[in-house]
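Quick note, the sequences are listed as chains R and W, same order.
Counting from 1, one number per residue, gives the positions in the first sequence under our numbering.
Counting from 1001, one number per residue, gives the positions in the second sequence under our numbering.
There's no promise every hint is true.
Which chain W residues face chain R? A few, computed with CB under 7 Å, are given here [to be verified]:
no.: 1; residue: THR1035
no.: 2; residue: ALA1043
no.: 3; residue: PHE1047
no.: 4; residue: PRO1062
no.: 5; residue: ASN1063
no.: 6; residue: SER1139
no.: 7; residue: VAL1228
no.: 8; residue: SER1230
no.: 9; residue: TYR1231
no.: 10; residue: ASP1238
no.: 11; residue: ALA1245
no.: 12; residue: ILE1289
Using C-beta positions, here's what the derived DEER-type ranges look like [what the hints assert, rightly or not]:
no.: 13; chain 1: W; residue 1: GLU1019; chain 2: R; residue 2: PRO32; range: 30 to 36 Å
no.: 14; chain 1: W; residue 1: ASP1215; chain 2: R; residue 2: TYR25; range: 37 to 43 Å
no.: 15; chain 1: W; residue 1: GLU1019; chain 2: R; residue 2: GLU30; range: 25 to 31 Å
no.: 16; chain 1: R; residue 1: ASP24; chain 2: W; residue 2: GLU1131; range: 40 to 46 Å
no.: 17; chain 1: R; residue 1: GLU75; chain 2: W; residue 2: ILE1018; range: 45 to 51 Å
no.: 18; chain 1: W; residue 1: THR1361; chain 2: R; residue 2: ASP24; range: 36 to 42 Å
no.: 19; chain 1: W; residue 1: GLU1363; chain 2: R; residue 2: GLU30; range: 49 to 55 Å
no.: 20; chain 1: R; residue 1: GLU61; chain 2: W; residue 2: TYR1104; range: 52 to 58 Å
no.: 21; chain 1: R; residue 1: MET54; chain 2: W; residue 2: ILE1018; range: 45 to 51 Å
no.: 22; chain 1: W; residue 1: LEU1133; chain 2: R; residue 2: GLU41; range: 55 to 61 Å
no.: 23; chain 1: R; residue 1: GLU62; chain 2: W; residue 2: ASP1126; range: 17 to 23 Å
Simulated from the structure, these hints should not be mistaken for lab results.
Glycine included, each C-beta is placed from N, C-alpha and C at the ideal position.
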Amino acid sequence: MIREKKLKRIITFSNTTDAMAFEDYCRIHEVPGRLIPVPGEIAAGCGMCWMAPMEEAGPAEELCRGGYPHEGMFEIMLY
Amino acid sequence: MIYLDNAATTLHKPESVIEAVCDALRTMGNSSRGTHEASLNTARTVFGTREKLAGFFGVSGPNNVIFTQNATEALNIAIRGLVPEGSHVITTECEHNSVLRPLYLLEREKGVELSLLKADPAGNIDPEEIETLIRDNTSLIVTTHASNLTGNMVDVKRIAEIARAHGIRYVVDASQTAGSKHIDLSETGIDAVCFTGHKGMMGPQGTGGLVLREDIGIRPFKVGGTGVQSYLRTQPEDLPVRLEAGTLNGHGIAGLGAAVDFIESTGREVIDERERSLMMRFYEGVRNIPGVKVYGDYSGDRAAITALNVGDVDSGQISDILSFEYGIATRPGAHCAPLMHKALGTEAQGAVRFSFSYFNTEEEIDAAVNAVREIAERI
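Chain R extracted, bound-state conformation (with noise of 0.2 Å):
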């Protein structure tokens, strides 16, 4: 069965720190999502970043607009 891309939110991070940190406060309060490589469409390279499929994103989204130290929002589309 061929894969179809989706539109995913993406949030990213300036370093690795933020980033498992958004992670353990998204396990704790079960936000979901859930981290992957940075997508090249965003920046080449290594990193991590945090994804979730766009209908299950506002409680990520929230977080971000509240304050929680990141780097970007993104809307990719992702296999």
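Guided by the hints, dock chain W onto chain R, whose structure is given.
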């Protein structure tokens, strides 16, 4: 064996530390080098340990905790990264070579000038004398928290006050105190603390850290892979990666995290009280033995270390008799503290250092006292 060389490395580790390291060796990938579960598990452990240490040393967050392989590496990062060419640094005669040699190197390579705070015959320094040494170009004060030879404490709180009043950075070497003495950077104003994981912290060798009150602009001397911003030609600016090039010792950091948990659940005050009680039992037992000379000041708070000599016998001979005939492990010689030995007049003889752990027992202390008495009687 009765192990009384805990100022070099604590031999008895909490079972939880051993389990954490063994578990890590079986399960951990490379932290911050991917998002598969083995890598993420390591990243989570590293992050969790950073958070614990940030709380442990009273700094604002996990980014202020830089992992190193020991206190020496942390001190090298801090000293080499903070001292500009041609500036002036103040330190003390109580220091270990992990402070002195990086400074001597800067003297030779960068024209840095060095002032040494003198120790008195008991091995104490007077922090107020620092005021007399400060110059317009003083960039750094760096001192130990406790001498690794005498166990005498340095009043780091007072030195931090002086440093702040003059706008000078202050770095503390907590190799002999982290794990048993309370060190809070936010409370004291100390800019950076360097610690090792394998001594009083009761963690594995190859772990340690540089803990910063805030980002004080330390420049890295080691650059390389960070797992982030890989196409940059320069080291990323963010902490902690700016100062953490290369794969971290994730397995060791797992053990260090478990060690912090053990210390926190036991209580630093409880550990300190236990270690000092054992030290005082030993001190009281040996100090009046004819021919035994004990060094250091026992009038106030101190690290759990007792250094002594027997007559004029070389300290290596005494330490060897203790080891070979009594099964007691101590450390003779210079202890990488050349200026402290000069100040005490023990440069040639060295000293036999007994250092105590939370896990030592009264029976072990009494056996060590008896061994010193017997050796003193027949030499």
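*Can you give the numbers of the hints that this structure goes against, from lowest to highest?*
Those not satisfied are hints 6, 11, 12, 14, 23.
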